[in-house]
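Asker: The primary structure of each chain is shown beneath.
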Amino acid sequence: GNSVTQMEGPVTLSEEAFLTINCTYTATGYPSLFWYVQYPGEGLQLLLKATKADDKGSNKGFEATYRKETTSFHLEKGSVQVSDSAVYFCALSAGAAGNKLTFGGGTRVLVKP
Amino acid sequence: GAVVSQHPSRVICKSGTSVKIECRSLDFQATTMFWYRQFPKQSLMLMATSNEGSKATYEQGVEKDKFLINHASLTLSTLTVTSAHPEDSSFYICSAPRAESGPEAFFGQGTRLTVV
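In order, the protein sequences belong to chains A and B. Those letters in the first sequence? Residues 1 to 113, by this note's numbering. Those letters in the second sequence? Residues 114 to 229, by this note's numbering.
None of these hints come from the bench; they were simulated from the model. Hints may be right or wrong, so weigh each one.
Unchecked claim - No more than 25 Å apart at the CA atoms, straight line, and that leaves these computed lysine to any residue pairs for SDA-like:
| # | chain 1 | residue 1 | chain 2 | residue 2 |
| --- | --- | --- | --- | --- |
| 1 | A | Lys52 | B | Pro216 |
| 2 | B | Lys127 | B | Ser196 |
| 3 | A | Lys52 | B | Thr188 |
| 4 | A | Lys60 | B | Lys168 |
| 5 | B | Lys154 | A | Ser14 |
| 6 | A | Lys60 | A | Leu19 |
| 7 | B | Lys154 | B | Cys126 |
| 8 | B | Lys127 | A | Thr12 |
| 9 | B | Lys154 | A | Ser83 |
| 10 | B | Lys179 | B | Glu213 |
| 11 | B | Lys154 | A | Phe18 |
| 12 | B | Lys127 | A | Phe18 |
| 13 | A | Lys56 | B | Glu217 |
| 14 | B | Lys179 | A | Val11 |
| 15 | B | Lys154 | A | Thr20 |
| 16 | A | Lys56 | A | Leu19 |
| 17 | B | Lys177 | B | Ser214 |
| 18 | B | Lys154 | A | Lys56 |
| 19 | B | Lys154 | A | Thr12 |
| 20 | B | Lys133 | A | Gln45 |
| 21 | A | Lys68 | B | Ser156 |
| 22 | A | Lys60 | B | Thr193 |
| 23 | B | Lys127 | A | Lys60 |
| 24 | A | Lys60 | B | Glu176 |
| 25 | A | Lys112 | A | Asn2 |
| 26 | B | Lys177 | B | Thr188 |
| 27 | B | Lys179 | B | Gly215 |
| 28 | A | Lys52 | B | Val124 |
| 29 | B | Lys177 | B | Asp140 |
| 30 | B | Lys154 | A | Lys68 |
| 31 | B | Lys154 | A | Lys52 |
| 32 | B | Lys154 | B | Ser202 |
| 33 | A | Lys60 | A | Tyr39 |
| 34 | B | Lys154 | A | Pro40 |
| 35 | B | Lys127 | B | Lys168 |
| 36 | B | Lys154 | A | Ser72 |
| 37 | B | Lys154 | A | Thr26 |
| 38 | A | Lys52 | B | Ser202 |
| 39 | A | Lys60 | B | Ser156 |
| 40 | A | Lys52 | B | Glu217 |
Being a predicted model, the structure only gives us computed values, none of them experimental.
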């Protein structure tokens, strides 16, 4: 079956530090990969996505590259802000469009001023 | 982008009562919607797939008689937690894919259910 593994948190950083959250996956076929962000008390928002190998998703300074050879989709941001404090979820969708998502365990990030 | 609205955002109910949560796709039709449950500081676990005009498909271990799902129209799915107990307290969130958007899913704001 499909699975997503991401690094456990919490991750505590100072403002302007570099952030990396590792994510690896197991899936049959060629899944689409996503990073979702959940701010305190809110639902999930799509942060970025990649639908095929070597695609790079980017948004709000965050980037992730779909690496088929290493089955990874690591999230990076070069300079974090306090407002980036949230829980980040790596997820995949395999099969037909609109298929259900398989989530990683989530990584809580806390950015201190 | 597509908008999915979930209501209520928070609800507190007494043990033994039932609670209905609504999930609406506001600007697109959704023949399928997904219901997830999130325990504190944990990931989202898929509970069931809601199918318009037919029975929902439940994941293993989810009690279909306890978590009633109805998808009566192309823009509305409801999740009813019946005879709620404190252990049902959780964050419930729905999502809906839109055909034009490919594999991306659009999430509602979530519902924080507290059973006292």
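Asker: Determine which of the earlier numbered hints do not hold for this structure and return their numbers in increasing order.
Answerer: Violated: hints 3, 4, 8, 10, 12, 14, 17, 18, 22, 23, 24, 25, 27, 28, 29, 30, 31, 35, 38.
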